[in-house]
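J.: Read top to bottom, the protein sequences are chains L and A. Residue numbers for the first sequence follow the numbering used here, so the first one is 150 and each next one is one higher. Residue numbers for the second sequence follow the numbering used here, so the first one is 16 and each next one is one higher.
Calculated from the structure, these hints are not laboratory results. Idealized CB from N, CA, C, for every residue including glycine. Some hints here could point you the wrong way.
To be verified - Quick list of simulated restraints, FRET-style, between CB atoms:
| id | chain 1 | residue 1 | chain 2 | residue 2 | range |
| --- | --- | --- | --- | --- | --- |
| 1 | A | Lys77 | L | Ile212 | 35 to 45 Å |
| 2 | A | Ala17 | L | Leu229 | 19 to 29 Å |
| 3 | A | Arg29 | L | Gln191 | 24 to 34 Å |
| 4 | L | Glu215 | A | Gln96 | 52 to 62 Å |
| 5 | L | Gln194 | A | Gly88 | 23 to 33 Å |
| 6 | L | Glu215 | A | Arg99 | 43 to 53 Å |
| 7 | A | Gln32 | L | Asn202 | 25 to 35 Å |
| 8 | A | Met41 | L | Glu207 | 13 to 23 Å |
| 9 | L | Glu215 | A | Pro76 | 35 to 45 Å |
| 10 | A | Gln32 | L | Asn206 | 42 to 52 Å |
| 11 | L | Ile223 | A | Val113 | 38 to 48 Å |
| 12 | L | Ala166 | A | Val27 | 35 to 45 Å |
| 13 | A | Ile69 | L | Asn179 | 35 to 45 Å |
| 14 | A | Val27 | L | Ile188 | 15 to 25 Å |
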Amino acid sequence: DAKTTQPTSMDCAEGRAANLPCNHSTISGNEYVYWYRQIHSQGPQYIIHGLKNNETNEMASLIITEDRKSSTLILPHATLRDTAVYYCIVRLTLNAGNMLTFGGGTRLMVKP
Amino acid sequence: NAGVMQNPRHLVRRRGQEARLRCSPMKGHSHVYWYRQLPEEGLKFMVYLQKENIIDESGMPKERFSAEFPKEGPSILRIQQVVRGDSAAYFCASSAIVGNTIYFGEGSWLTVV
Numbered sequence: 150d151a152k153t154t155q156p157t158s159m160d161c162a163e164g165r166a167a168n169l170p171c172n173h174s175t176i177s178g179n180e181y182v183y184w185y186r187q188i189h190s191q192g193p194q195y196i197i198h199g200l201k202n203n204e205t206n207e208m209a210s211l212i213i214t215e216d217r218k219s220s221t222l223i224l225p226h227a228t229l230r231d232t233a234v235y236y237c238i239v240r241l242t243l244n245a246g247n248m249l250t251f252g253g254g255t256r257l258m259v260k261p
Numbered sequence: 016n017a018g019v020m021q022n023p024r025h026l027v028r029r030r031g032q033e034a035r036l037r038c039s040p041m042k043g044h045s046h047v048y049w050y051r052q053l054p055e056e057g058l059k060f061m062v063y064l065q066k067e068n069i070i071d072e073s074g075m076p077k078e079r080f081s082a083e084f085p086k087e088g089p090s091i092l093r094i095q096q097v098v099r100g101d102s103a104a105y106f107c108a109s110s111a112i113v114g115n116t117i118y119f120g121e122g123s124w125l126t127v128v
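Given the sequences, and given the hints that come with them, work out the whole structure.
T.: Have a look at this one:
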């Protein structure tokens, strides 16, 4: 699976949009971009995933660049409960070896 | 639809004892994954199982650790003769079929004293 690069940490003001970048310059054509987050002492929580097109759900939006070398997770109105480590993962989903490989993630701190 | 259920949530074992961690996947899911998270470290893949089969155990320590996912019942991660270094959070995850979204449980926290 392709590697990803994320900033180690970010701050965001409560109520503002949180934009979390991810670089995946070696992504291949059949690899998806997945985002998970882990709130302290909890299990990882699935947020969103995409292949080429931008995606939106009740939690977040995922913007993938046209060349697919980078993406941005957007939390439109961050709350204190969004404080967590956010993981961007590139995943080959076709066959065996389709597990998730976690990197260091971005530690997002939402401040009042 | 209940999520991935893990138990016990917290387990304390003395050095040399055995630890058994159980995982019931989401309803309809036949693929199970186990991950370990050591204190202040990232999540590391351990093993991937389908019903009655181990598909990938490349992340499992060679000794003392084993996993199973029987035809009936939960998946079990078994750690024999536990040592202090086994103290960690163990997360189970499941998916419906190959390539589908993977969902995680809340974890089992093992403390070895």
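J.: All hints, please: hold or fail.
T.: Okay, the hints, checked on the actual structure:
1. A:Lys77 <-> L:Ile212: 35 to 45 Å: 43 Å, holds
2. A:Ala17 <-> L:Leu229: 19 to 29 Å: 27 Å, holds
3. A:Arg29 <-> L:Gln191: 24 to 34 Å: Distance hint for Arg29 of chain A, Gln191 of chain L holds at roughly 27 Å.
4. L:Glu215 <-> A:Gln96: 52 to 62 Å: 54 Å, holds
5. L:Gln194 <-> A:Gly88: 23 to 33 Å: Holds, at about 26 Å.
6. L:Glu215 <-> A:Arg99: 43 to 53 Å: Given a distance of about 50 Å, which is inside 43 to 53 Å, the answer is holds.
7. A:Gln32 <-> L:Asn202: 25 to 35 Å: At roughly 51 Å between Cβ atoms, Asn202 of chain L and Gln32 of chain A fall outside 25 to 35 Å, so the hint is violated.
8. A:Met41 <-> L:Glu207: 13 to 23 Å: Since the Cβ atoms of Met41 of chain A and Glu207 of chain L sit about 19 Å apart, the hinted range of 13 to 23 Å holds.
9. L:Glu215 <-> A:Pro76: 35 to 45 Å: Distance hint for Glu215 of chain L, Pro76 of chain A holds at roughly 43 Å.
10. A:Gln32 <-> L:Asn206: 42 to 52 Å: Holds, since Gln32 of chain A and Asn206 of chain L (Cβ atoms, about 44 Å apart) stay within the stated range.
11. L:Ile223 <-> A:Val113: 38 to 48 Å: Roughly 29 Å apart at Cβ, these two residues miss the hinted range, so it is violated.
12. L:Ala166 <-> A:Val27: 35 to 45 Å: 43 Å, holds
13. A:Ile69 <-> L:Asn179: 35 to 45 Å: 25 Å, violated
14. A:Val27 <-> L:Ile188: 15 to 25 Å: 24 Å, holds
Checked against the numbered hints listed earlier, the structure breaks hints 7, 11, 13; every other hint is satisfied.
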